[in-house]
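Novice: Okay, here's what each chain looks like letter by letter:
There are 2 protein chains.
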Amino acid sequence: MKILVVKFGGTSVGNLERIENASKRVIQKLKEGYRVVVVSSAMSGETDRLINLAKQVDPMPPERELDMLISTGEQQAIALFAMTLQKLGVPSVSLCGWQVPVLTDDVHTKARVKRIVVQKLKNLLEEGYTPVVAGFQGVTESGEITTLGRGGSDLSAVALAYALGADCEIYTDVEGVFTADPRIVPNSKKIPVISYEEMLEMASLGAKVMQARSIEFAMKHRVRIHVRSSFSDSDGTWIVPEEEVMEKSVVRAITLDRNESRITVVRVPDRPGIAYSIFKALGDAHIVVDMIVQNVSHQGYTDMSFTVNRSETSKAEQIVKKVAQEIGAQEVVRDDRIAKVSVVGIGMRSSYGTAAKMFEVLYKNGINIMAISTSEIKISCLIEDKYGELALRELHSAFIEEGEEVKVVNES
Amino acid sequence: MKILVVKFGGTSVGNLERIENASKRVIQKLKEGYRVVVVSSAMSGETDRLINLAKQVDPMPPERELDMLISTGEQQAIALFAMTLQKLGVPSVSLCGWQVPVLTDDVHTKARVKRIVVQKLKNLLEEGYTPVVAGFQGVTESGEITTLGRGGSDLSAVALAYALGADCEIYTDVEGVFTADPRIVPNSKKIPVISYEEMLEMASLGAKVMQARSIEFAMKHRVRIHVRSSFSDSDGTWIVPEEEVMEKSVVRAITLDRNESRITVVRVPDRPGIAYSIFKALGDAHIVVDMIVQNVSHQGYTDMSFTVNRSETSKAEQIVKKVAQEIGAQEVVRDDRIAKVSVVGIGMRSSYGTAAKMFEVLYKNGINIMAISTSEIKISCLIEDKYGELALRELHSAFIEEGEEVKVVNES
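Sequence lines, in order, name chains A and B.
Using numbering that gives the first Met the number 0, the first residue of the first sequence is number 0, and each one after it goes up by one.
Using numbering that gives the first Met the number 0, the first residue of the second sequence is number 0, and each one after it goes up by one.
None of these hints come from the bench; they were simulated from the model.
Just so you know, even glycine gets a beta-carbon here, dropped at the ideal spot from N, CA and C.
Cβ-to-Cβ under 10 angstroms is the rule here; a few derived chain B residues that face chain A:
id, residue
1, ASP66
2, ILE69
3, THR71
Quick list of in silico lysine-lysine cross-link-like pairs, DSSO-like style, CA-CA up to 30 angstroms:
id, chain 1, residue 1, chain 2, residue 2
4, B, LYS279, B, LYS109
5, A, LYS86, B, LYS54
6, A, LYS54, B, LYS28
7, A, LYS207, A, LYS113
8, B, LYS119, A, LYS113
9, A, LYS119, B, LYS119
10, A, LYS86, A, LYS121
11, B, LYS86, A, LYS314
12, A, LYS86, B, LYS314
13, A, LYS320, A, LYS54
14, A, LYS314, A, LYS279
15, A, LYS207, A, LYS356
16, A, LYS189, A, LYS207
17, B, LYS86, A, LYS109
18, B, LYS86, B, LYS28
19, B, LYS54, B, LYS207
20, A, LYS54, B, LYS86
21, B, LYS119, A, LYS54
22, A, LYS279, A, LYS320
23, B, LYS109, A, LYS119
24, B, LYS119, A, LYS109
25, A, LYS30, A, LYS1
26, A, LYS86, A, LYS28
27, B, LYS109, B, LYS121
28, A, LYS119, B, LYS54
29, B, LYS113, A, LYS119
30, B, LYS113, B, LYS207
31, B, LYS54, A, LYS28
32, B, LYS30, A, LYS54
33, A, LYS30, B, LYS54
34, B, LYS1, B, LYS119
35, B, LYS385, B, LYS314
36, A, LYS385, A, LYS320
37, B, LYS109, B, LYS219
38, A, LYS54, B, LYS23
39, A, LYS188, A, LYS23
40, A, LYS23, B, LYS54
Just need the whole structure built from these sequences, with the hints factored in.
Specialist: So, in structure tokens, the structure goes:
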């Protein structure tokens, strides 16, 4: 039995016409000989509508009840999806997370999948049914409804694919993963095959195609993912283990992230334990800090900068101001007008000169670098926001359009 | 532990403000010393919206999927209700039908409750929680979501009250049960206490306060019900076992039902088996026939009339036309302009003259009686629809306002 898990996002099931369109894609897969398990998100807008209702009751609604409320969005979508499949002649049943069951821990609104029982799904597939499973939701061992947090439906699909030993197709509203955001870089190209590692870096760097946690899960369990558009027939992007990526570009893609802010603690007394005081306080508040820069000390004082996600800037600023006072720093300065531009590619591991070339491109365009961070397969530079699009286009031109990168062909 | 089941209908939870109002009623009951189990319908309009969506997919949507879809209405309402209670300081958890569980048979869209497991509810009550249970929905032994059909939330409440050994309060948008429809009879009065038998007759006769099946269940299991308005503080109507009704009016109430049609099979050959042919065919099609009248035979032919609910008239007409042809009847005539007026009261069992008085009132107002049917505790007359309101007012005046009825006071 050749099984395929096929996941549709909110816009792909945004109205009844689109659900019918999605159903026809499922039928195409059935014709290709697959047994298909469908995973569906809520119809676009529904989850936000429900969260908004809850916030009218209580700005911080109790999370167990929030899960109870918002899980209805997917439940409605899967029922309509299964009805549509049946109308088109395909035997189908919808299943909530608790009916599969998709077992999770009990951390409401951001539960982790612990275990998926696949016997029921397998029986349904063997009986000729096409099950439609609610994404984003699960159930605890004690029967409480949970949701998996942002991007949870992708995670549901990848986890089900793993549990069923299947590949996973993610239908979304973009054509796949691109070498850069096509709205900014018209010359950007669709990437046919990309490694988990690269995709993971890109997700962390602001590419919105898939959430990092789904890719992490896929990487850990080696689930092959095909991300493609539900509005087009062309192939999208395969996300696969590194050894399956034949063409190892030094730079696979360029990303631009405008969702960070920089916070600078000015004139910090330079003595042991100061950095700890600041970042311990932020960690305790569950704030994720990205790039950290500490300048060389002058006369016993230094400046310390870091970036955080825009949504957490105010919270971080508040916390750091308090710490700054305690440690005798002069002031705390916040800057929202920053952007992070990055080059990503697994080929970077076995090549050199990429950083130098990146800095050269920025320098030649008069762009000042405010901070740098690197991993094995990416280099990120913090720059002024107003240069963001220019930097993205110029880096794309230099690294990808001009095709100067060293290509390592996998011979095995 | 003094437990009370409190049920709110769709208009009582129609928006967040009303849910807050309903929550305050729950808090009042908690202050009176009850442990409360809340049962909630979907917010008004939501179930219809979902059914409409399903019908856009398929005019006859598959019933399993329809249950999956429409059960989300109650799930949303209970989550918002539990959030509101928590905001007001009352520890609360919402529970879907499958979480209680409310176990049903597997007849989707009109399932019957088989068994309610109350241990979880009792534990929650003992721990100080106020559980909010989704009405209208249940689950089969094999984990399929079912719904209980029209009036299902009332049934959920009554069944839970039975299972918990509790009384049941039904909050709705009317003040209680009246001696006649107050929109037609301004002098009608709220009935403080009524027997199951009377209430059951009234429900069958078009009074819309509660569905017959909930009352049947309450009668069978002797659950005491208090029907009252969620928009008023005054007492409503208690529906209780007959022996608890102190004042046994001969006529408790007058009802008017304008939701029937009459079908007449004209010039039927009068021979054995003819009635069987007609009503067997209707029974096979699950059509409920109400009043049946067969005239005296003339020259081997007779006319046969019966009434059915307006929603099934066309279907019944079609079936009967086919049978009429087979048995050699002349034609089938349909009349939608009819009304059924009824007097109801348990005191009727031990008194006489009620029928004569009813016929007299109709006669004096120039109203012709087209058919009569009786039970131990009611008399119904079929009349022309245009006289419906007149008949209701005149009968109310004669039997209830003038207070002529024999009153039997229960001495025990």
